[in-house]
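Using the sequences plus the hints, can you model the full thing?
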Amino acid sequence: MARIEFLGPIGKEPVEVDIKNLKELKEIFAQDEKLKEWLGICAVALNDTLVKSLDVAVKPSDKISLLPPVCGG
Amino acid sequence: MARIEFLGPIGKEPVEVDIKNLKELKEIFAQDEKLKEWLGICAVALNDTLVKSLDVAVKPSDKISLLPPVCGG
Amino acid sequence: MLELHDGPLHVEEIINRWYIDIRYKNFGAFIPFIGIVRDEKGIDGLSFDIYEPILEAWFEAWQKKAEQEGAMLLMAHSKGDVPNHTSSYISAVLSPQRKVGLRLINDFVEDFKASAPIWKYDLIDGERVYAKNRSMPLSGAGLLST
Amino acid sequence: MLELHDGPLHVEEIINRWYIDIRYKNFGAFIPFIGIVRDEKGIDGLSFDIYEPILEAWFEAWQKKAEQEGAMLLMAHSKGDVPNHTSSYISAVLSPQRKVGLRLINDFVEDFKASAPIWKYDLIDGERVYAKNRSMPLSGAGLLST
Numbered sequence: 001m002a003r004i005e006f007l008g009p010i011g012k013e014p015v016e017v018d019i020k021n022l023k024e025l026k027e028i029f030a031q032d033e034k035l036k037e038w039l040g041i042c043a044v045a046l047n048d049t050l051v052k053s054l055d056v057a058v059k060p061s062d063k064i065s066l067l068p069p070v071c072g073g
Numbered sequence: 001m002a003r004i005e006f007l008g009p010i011g012k013e014p015v016e017v018d019i020k021n022l023k024e025l026k027e028i029f030a031q032d033e034k035l036k037e038w039l040g041i042c043a044v045a046l047n048d049t050l051v052k053s054l055d056v057a058v059k060p061s062d063k064i065s066l067l068p069p070v071c072g073g
Numbered sequence: 001m002l003e004l005h006d007g008p009l010h011v012e013e014i015i016n017r018w019y020i021d022i023r024y025k026n027f028g029a030f031i032p033f034i035g036i037v038r039d040e041k042g043i044d045g046l047s048f049d050i051y052e053p054i055l056e057a058w059f060e061a062w063q064k065k066a067e068q069e070g071a072m073l074l075m076a077h078s079k080g081d082v083p084n085h086t087s088s089y090i091s092a093v094l095s096p097q098r099k100v101g102l103r104l105i106n107d108f109v110e111d112f113k114a115s116a117p118i119w120k121y122d123l124i125d126g127e128r129v130y131a132k133n134r135s136m137p138l139s140g141a142g143l144l145s146t
Numbered sequence: 001m002l003e004l005h006d007g008p009l010h011v012e013e014i015i016n017r018w019y020i021d022i023r024y025k026n027f028g029a030f031i032p033f034i035g036i037v038r039d040e041k042g043i044d045g046l047s048f049d050i051y052e053p054i055l056e057a058w059f060e061a062w063q064k065k066a067e068q069e070g071a072m073l074l075m076a077h078s079k080g081d082v083p084n085h086t087s088s089y090i091s092a093v094l095s096p097q098r099k100v101g102l103r104l105i106n107d108f109v110e111d112f113k114a115s116a117p118i119w120k121y122d123l124i125d126g127e128r129v130y131a132k133n134r135s136m137p138l139s140g141a142g143l144l145s146t
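Going line by line, the protein sequences match chains A, B, C and D.
Each residue of the first sequence is one higher than the one before, starting from 1 at the first, in the numbering used here.
Each residue of the second sequence is one higher than the one before, starting from 1 at the first, in the numbering used here.
Each residue of the third sequence is one higher than the one before, starting from 1 at the first, in the numbering used here.
Each residue of the fourth sequence is one higher than the one before, starting from 1 at the first, in the numbering used here.
One or more of the hints may lead you astray.
[Claimed, not checked] Keeping only pairs whose Cα atoms sit at most 30 Å apart, straight-line, the calculated DSSO-like set for lysine-lysine is: (1) K52(B) - K25(D); (2) K63(A) - K64(C); (3) K63(A) - K23(A); (4) K113(D) - K64(D); (5) K34(A) - K12(A); (6) K79(D) - K113(D); (7) K64(C) - K41(C); (8) K63(B) - K36(B); (9) K132(C) - K63(A); (10) K132(D) - K63(B); (11) K99(C) - K132(D); (12) K63(A) - K79(C); (13) K25(D) - K132(C).
Quick caveat, the hints were computed from the structure, so don't treat them as lab data.
Since this is a predicted model, take the numbers as computed values, not measurements.
Right under this line is the structure:
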């Protein structure tokens, strides 16, 4: 099961999901009403590297992070 | 007599000259062999304001400064 | 070097330590940028969450870029609460000449604002309120939206 | 504020004093530029002459420009001899927001190099050698040449 972390202000506990790629994650999340406001503004990292495409394979040991808009300093 | 100061590396003592404008100063300086190397690269201030024209009247109480190329910091 | 501190940064301690560390390294320009929390909009301060793995990778990539120009970067940032009139962020460029340094401090701070995985909250009446309006989506944001 | 010091600048003292002075003035960005004398070309240090009346007028004009953007400038410079690995020049911008500050520190330092009436000498074997090749003619130079 890949582990999904919701960073910063999303304020949601990590979940584990059984997916083969990010497209499947998108389908699962589409049913989550509470996540809707975040999905449009969050970037996605796979094992701490930002990804730009849904055609990314996901292994059971992978960590996926959702990163909302940032404002350091 | 206007007072002429030679700033920074010129290393020349101030002089007093009897002139009515900067054109007259230019004529006096043209005869000074030691100043030749400086005149082409020096800016000129009248009473601590840089001037750009020789058509500037000079009063006996005035101070004229020659400023060689700068490098602060 | 990247350092994270709990709460406000001790500006004097950090700047003095950095200066002592680098003064014999023959850099000609040392340019710190010090961010201070402003008292505005009725806040008592700011608070920060940081995702350290991506912050460290981002910083290391910048450090390599700086090294290619003979320069070096230093950065300190707060985690947690930072009251008004204290500092939450210091970055610094060291460079042989001024021009590279002045360009790098600008580009580094601007990219920090756009790319560093840090989340800011206003502290209002003891609550943490996400500073959503001042925040910028990271590159690739929206990938999972339908 | 413009301050001139005999010999090298005490970086920690100056930066700490400036920070303490300004931290409650609600500026969001404090950006010092610290110039450090590099050990290069066999010099033992640098030495400086300053023409204070024109330096002060130049600084005051910049201070007015900064104030129009809600910002403030600070500057310290050495007179006389400054050994390698010590500081001869510090300037700083204080501004409400970072963008104005980053622009001003760049423009202020660049104009300082072009316009401040300060003459630099290399210290070589106890002699002061005018750094003519690194110096820039002031605006209007050559007025009295034939």
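A quick look at each hint next to the structure:
Between the alpha carbons of K52(B) and K25(D) the distance comes to roughly 40 Å, so the proposed pair goes past 30 Å and is violated. For the hint pairing K63(A) with K64(C), the CA-to-CA distance comes to about 26 Å; that is within 30 Å, so the pair holds. Annotation: proposed proximity of K63(A) to K23(A) holds, straight-line Cα distance about 15 Å (limit 30 Å). Proposed proximity of K113(D) and K64(D) is supported: the alpha carbons are some 19 Å apart, at most 30 Å.
Pair hint K34(A) plus K12(A) holds up; C-alpha atoms about 10 Å apart against a cutoff of 30 Å. Annotation: proposed proximity of K79(D) to K113(D) holds, straight-line Cα distance about 16 Å (limit 30 Å). Distance hint between K64(C) and K41(C) is unfulfilled; the C-alpha atoms sit about 39 Å from each other, more than 30 Å. With a C-alpha separation of about 21 Å, the suggested pair K63(B) and K36(B) falls inside the 30 Å cut-off, and the hint holds.
At most 30 Å may separate the alpha-carbon atoms for a hinted pair to count; K132(C) and K63(A) meet this at roughly 25 Å. Taking the CA atoms of K132(D) and K63(B), the gap is about 25 Å. The hint holds against a cut of 30 Å. Taking the CA atoms of K99(C) and K132(D), the gap is about 20 Å. The hint holds against a cut of 30 Å. For the hint pairing K63(A) with K79(C), the CA-to-CA distance comes to about 23 Å; that is within 30 Å, so the pair holds.
With a C-alpha separation of about 26 Å, the suggested pair K25(D) and K132(C) falls inside the 30 Å cut-off, and the hint holds.
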